[in-house]
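Visitor: Letter by letter, the chains look like this.
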Amino acid sequence: MNILATIFGGLLSMTWGQALMIGVGLLLIYLAIVKEYEPVLLLPIGAGAVLANLPLSPVVGEDGILSILYQAGVANELFPLLIFVGIGAMTDFGPLLERPHMLLLGAAGQFGIFGTLFLALLLGFNINEAASIGIIGAIDGPTSIYVSNLLAPHLLGPIAVVAYSYMSLVPIIQPPIMRALISKKERRIRMPYSENPVSRRTRILFPILVTIVVGILVPMAIPLIGMLMLGNLMKESGVVQRLVGASENEIANVVTLFLGLAIGATMQAQYFLKLDTLLILVLGVFAFGLDTAAGLLFAKFLNWVTRGPLNPLIGAAGISAFPMAARVVQKVAQEEDFENFLLMHAMGANTAGQIASVVAGGVVLALFAGR
Amino acid sequence: MKSYTITIGDKTHIIGLQELDNPDRFRVLAGGQVYEIKVVAVEESDAEIPSIEVIQAAKDQPALAHKAPELLPKAPSSRPPDLPEPEAAEELPAEVRAPMPGVILEVSVTPGTPVQRGDQLFVLEAMKMKNPIRSPRDGVVAEVFVHEGQNVNYDDLLLRYREG
Chain A
1 MNILATIFGG LLSMTWGQAL MIGVGLLLIY LAIVKEYEPV LLLPIGAGAV LANLPLSPVV
61 GEDGILSILY QAGVANELFP LLIFVGIGAM TDFGPLLERP HMLLLGAAGQ FGIFGTLFLA
121 LLLGFNINEA ASIGIIGAID GPTSIYVSNL LAPHLLGPIA VVAYSYMSLV PIIQPPIMRA
181 LISKKERRIR MPYSENPVSR RTRILFPILV TIVVGILVPM AIPLIGMLML GNLMKESGVV
241 QRLVGASENE IANVVTLFLG LAIGATMQAQ YFLKLDTLLI LVLGVFAFGL DTAAGLLFAK
301 FLNWVTRGPL NPLIGAAGIS AFPMAARVVQ KVAQEEDFEN FLLMHAMGAN TAGQIASVVA
361 GGVVLALFAG R
Chain B
372 MKSYTITIGD KTHIIGLQEL DNPDRFRVLA GGQVYEIKVV AVEESDAEIP SIEVIQAAKD
432 QPALAHKAPE LLPKAPSSRP PDLPEPEAAE ELPAEVRAPM PGVILEVSVT PGTPVQRGDQ
492 LFVLEAMKMK NPIRSPRDGV VAEVFVHEGQ NVNYDDLLLR YREG
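In order, the protein sequence lines correspond to chains A and B.
Here my numbering is used: the first residue of the first sequence is 1, the next is one more, and so on.
Here my numbering is used: the first residue of the second sequence is 372, the next is one more, and so on.
No lab work stands behind these hints, which were simulated from the structure alone.
Bear in mind the structure is a predicted one, so any value in this text is a computation, not a measurement.
Misleading hints may appear alongside valid ones.
Said to hold, decoys possible - Quick list of simulated restraints, FRET-style, between CB atoms:
#1 367(A) x 476(B): 41 to 51 Å
#2 521(B) x 205(A): 30 to 40 Å
#3 180(A) x 411(B): 56 to 66 Å
#4 465(B) x 282(A): 49 to 59 Å
#5 190(A) x 465(B): 12 to 22 Å
#6 205(A) x 508(B): 27 to 37 Å
#7 58(A) x 491(B): 52 to 62 Å
To be verified - The calculated lysine-lysine pairs, modelled on PhoX-like cross-linking and capped at a C-alpha distance of 25 Å, are:
#8 184(A) x 501(B)
#9 184(A) x 300(A)
#10 331(A) x 382(B)
#11 35(A) x 331(A)
#12 35(A) x 184(A)
#13 409(B) x 331(A)
#14 300(A) x 331(A)
#15 331(A) x 185(A)
#16 382(B) x 35(A)
#17 300(A) x 185(A)
#18 35(A) x 409(B)
Said to hold, decoys possible - Computed footprint of chain B on chain A; a stretch qualifies when at least three of its residues, placed anywhere within it, have a C-beta under 8 Å from a C-beta of chain B:
#19 320–328
#20 340–346
From the three backbone atoms N, C-alpha and C, an ideal C-beta is built for every residue, glycine too.
Sequences and hints are given; from them, build the entire structure.
Guide: Encoded structure:
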């Protein structure tokens, strides 16, 4: 009997919660492989969840590989910040610099953060938890991880999973809202491509100035905006190709793997299987919807005030979720008029949303951290 | 110009047909050549096929004045003739230009391809997104100015339609 207990120890000590969480991990792996929903993140997260929930698993706990990764890079915010260097190195702010007014749309696309925050408060979350859930509305994975880990680390797992899962669902969540709020006539508004070349000097000065201005205004955003703009400065400088290549490929890939595994490891049954997780799932989709609606309505307003032509669909790209949201805008506009190419305008709003969501993350931290 | 597929024997031809102002005049595109034709009713007992008179044929092409089937030359010529601008031009765009900068991933038409409004002409990759560029009008492709893998800038000429 003792021998049996030793051999089948794992099976005997398996809890229902663990079995369920292994199921959740497998579901994430399925979504990554079959549906290709953000596979680069959801696959490692799913694998981490399975590994961490196998009974008696040595991967979590003292000297467990996943716990080491968590301590090394998630608990101290290292991994999301390193990913930001890579994002900065990959992002072309050209479409935004050619159309600086798109910054307004990027700001409007962050409205869901605060709307969701209030709703979460009403549902009984405390202020730090509510702010962490609201930050899902930044629609930016690393920002969500960074902020929620500082404010409410016990919610990190559900928030990261919700943020990344819904991000891959942007093409499904956004179009119905776009069609509901923007009339057919408005969706047909053509915006000619405006060629407005940006000088190399502007492209180089932009990341430096943004870092300094945002840094002075919102000090809590310095790590996020600083890393993002460092990556972009390296890219635009043109003199450190090796560093740019490493940032956007090797470093980003390695860190993404580590980050995914470590996040997956936080999804242990005793922390994840709670009513809170379900509520976060619901609040997350609410945040995405609210962001989209706010961006669309603000763009509609801008079109009315400026007398256009500004196709209000562009507002949906202000939510960050780069570059999916911009592509969704292009697709929905083309359903109405295949000769209308909004992609570059939408990319401008989209990169503006990227910057705005980082700033919003800093604002949320400034408001709530240390309470 | 509307295009029709005609099967004669076991050969399939695609012809383009456009009504002109005069009710018995048509502009026909067949085998890479454009003809202006006049339809004349003839009183023959065995057939109701009207005879066709070619009013204006392309250069270096003997005027055809036969019945309908012979109108179609067998081998399409590779280069279309230069045709005069239409007098009663509708506001159809004569060309297609790049709507934004990017890379041409796919060229879906060749000179001589009849296209309808909405048909895909190119796939343009911009910001890592594949964008179909569709035909803004019915017509026939005269010339394609880009090849697959080519970088294009905003407003670069991609394609010209054949006159008609």
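Visitor: All hints, please: hold or fail.
Guide: Do the hints match the structure? See the list:
no., hint, verdict
1, 367(A) x 476(B): 41 to 51 Å, "46 Å, holds"
2, 521(B) x 205(A): 30 to 40 Å, "32 Å, holds"
3, 180(A) x 411(B): 56 to 66 Å, "59 Å, holds"
4, 465(B) x 282(A): 49 to 59 Å, "55 Å, holds"
5, 190(A) x 465(B): 12 to 22 Å, "19 Å, holds"
6, 205(A) x 508(B): 27 to 37 Å, "45 Å, violated"
7, 58(A) x 491(B): 52 to 62 Å, "56 Å, holds"
8, 184(A) x 501(B), "24 Å, holds"
9, 184(A) x 300(A), "13 Å, holds"
10, 331(A) x 382(B), "40 Å, violated"
11, 35(A) x 331(A), "20 Å, holds"
12, 35(A) x 184(A), "31 Å, violated"
13, 409(B) x 331(A), "45 Å, violated"
14, 300(A) x 331(A), "18 Å, holds"
15, 331(A) x 185(A), "16 Å, holds"
16, 382(B) x 35(A), "45 Å, violated"
17, 300(A) x 185(A), "12 Å, holds"
18, 35(A) x 409(B), "59 Å, violated"
19, 320–328, "holds (count 3)"
20, 340–346, "holds (count 3)"
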